[in-house]
Amino acid sequence: MHLAAALETYERLREGYAAGRVNTEKAEVIARALDALPADLPSQVRAAAEQRLVDLAVHHDACDLRVLGDRVLDVVAPQVADAHEAARLEAEERAAARKAMLTMTPDGQGSVHGRFTVPELHAGMLRKQLLALVAHDKPALATSPATTGEQEEGERPEPVKAATGVELGAALCELLERLDGSQVPEMSTGATVVVTMTLETLAGGLAATLDTGDRIAAHTARRLACEAGIIPVVLDGRREVLDQGRRKRLFTRAQRVSLATRDGGCTAAGCRTAAWFCHAHHDQPWAAGGTTDLTNGRLLCPTHHRTAHAPRYDTRVLADHQIEFTLRC
Numbered sequence: 000m001h002l003a004a005a006l007e008t009y010e011r012l013r014e015g016y017a018a019g020r021v022n023t024e025k026a027e028v029i030a031r032a033l034d035a036l037p038a039d040l041p042s043q044v045r046a047a048a049e050q051r052l053v054d055l056a057v058h059h060d061a062c063d064l065r066v067l068g069d070r071v072l073d074v075v076a077p078q079v080a081d082a083h084e085a086a087r088l089e090a091e092e093r094a095a096a097r098k099a100m101l102t103m104t105p106d107g108q109g110s111v112h113g114r115f116t117v118p119e120l121h122a123g124m125l126r127k128q129l130l131a132l133v134a135h136d137k138p139a140l141a142t143s144p145a146t147t148g149e150q151e152e153g154e155r156p157e158p159v160k161a162a163t164g165v166e167l168g169a170a171l172c173e174l175l176e177r178l179d180g181s182q183v184p185e186m187s188t189g190a191t192v193v194v195t196m197t198l199e200t201l202a203g204g205l206a207a208t209l210d211t212g213d214r215i216a217a218h219t220a221r222r223l224a225c226e227a228g229i230i231p232v233v234l235d236g237r238r239e240v241l242d243q244g245r246r247k248r249l250f251t252r253a254q255r256v257s258l259a260t261r262d263g264g265c266t267a268a269g270c271r272t273a274a275w276f277c278h279a280h281h282d283q284p285w286a287a288g289g290t291t292d293l294t295n296g297r298l299l300c301p302t303h304h305r306t307a308h309a310p311r312y313d314t315r316v317l318a319d320h321q322i323e324f325t326l327r328c
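Using numbering that gives the first Met the number 0, you'd call the opening residue of the sequence shown number 0 and step up by one each time.
Treat each hint with caution, since some may be false.
[As the list claims (entries may be wrong)] What follows is a set of in silico ranges between Cβ atoms, one per label pair, in the way DEER data are often shown: (1) Val316 <-> Cys172: 42 to 50 angstroms; (2) Leu174 <-> Val316: 26 to 34 angstroms; (3) Cys328 <-> Gly164: 17 to 25 angstroms; (4) Thr104 <-> Ala38: 18 to 26 angstroms; (5) Thr302 <-> Gln254: 18 to 26 angstroms; (6) Cys328 <-> Cys172: 49 to 57 angstroms; (7) Ala259 <-> Ala287: 23 to 31 angstroms; (8) Leu171 <-> Glu7: 26 to 34 angstroms; (9) Thr104 <-> Arg20: 36 to 44 angstroms.
Everything labelled a hint here was simulated from the structure, so no lab data went into it.
In this text, a Cβ means the ideal position worked out from N, Cα and C, and glycines have one as well.
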């Protein structure tokens with residue numbers, strides 16, 4: 000039915016079909032490509048596009064014609080094609096922005112399940128940042144197979160490995176912990192999470208409370224206190240504030256440069272993570288009165304930083320300033 004109507008509309012297509020130069024399948028493809036052209040397209044440009052596709056049908060199959068039909072304006076009217084594509088992309092981006100959404104649902108067992116829809120631009124930005132975090136210790140994720148000239152004769156290139164969902168999930172957590180809340184427009188405490196800790200939390204294993212109402216383990220609160228993503232509020236036994244803020248808690252940029260120069264990277268024994276990827280860690284925890292200076296500081300990669308604050312491990316500083324972790328019995 001569609002083809003019959005199209006043959007009534009498109010004279011050159013009708014002539015090619017009648018002469019046997021265009022079969023039924025190709026005629027359907029051409030008709031759909033012409034129908035998809037902008038409604039306000041000048042008649043002479045539409046006619047040129049129709050003639051171009053009919054001519055191409057002699058040498059190309061229906062699959063090729065679908066691709067050629069999508070780009071026919073690039074050939075017959077490049078300026079019109081550019082304007083049409085710009086308008087199409089602008090409309091798509093507006094629609095994508097309107098459809099942006101995020102849902103998060105806690106499962107009551109310490110996890111939150113979610114789904115989101117974002118424009119392609121922002122998805123690409125997120126993907127690149129996550130892959131950068133994953134790839135620091137998985138070089139195969141960051142490199143493509145060697146070119147023929149770079150390979151030994153007879154050697155097969157290593158396949159590029161895709162990041163797993165688990166790796167991307169861990170990278171997302173790392174990305175969120177690295178975000179600087181001071182760069183986000185503030186409303187009250189803004190995008191910065193406030194962690195309330197009692198003296199018992201500092202000294203032992205009691206939980207800490209976030210300003211969102213959620214609870215986190217004490218060792219997680221102590222680890223986060225090394226980083227810029229939270230503001231810790233320490234209470235005494237009467238729930239009065241003993242310490243609040245982060246200026247003296249965080250290592251300055253100059254201190255981080257000095258740590259990078261001295262340590263060269265993660266100081267966990269055997270770890271080769273580069274300095275740029277590491278956190279600045281307090282040997283004596285800030286939450287337990289440790290000072291924020293080079294004597295008390297060291298670089299640790301995210302994995303070993305979590306280990307350093309995990310209650311399951313004992314930490315020992317070696318003679319060469321490296322540290323090693325031993326699982327408690």
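Against which earlier hints does the structure fall short, listed by number upward?
Going through the list in order, the structure violates hints 1, 3, 4, 6, 8 and 9 and respects the others.
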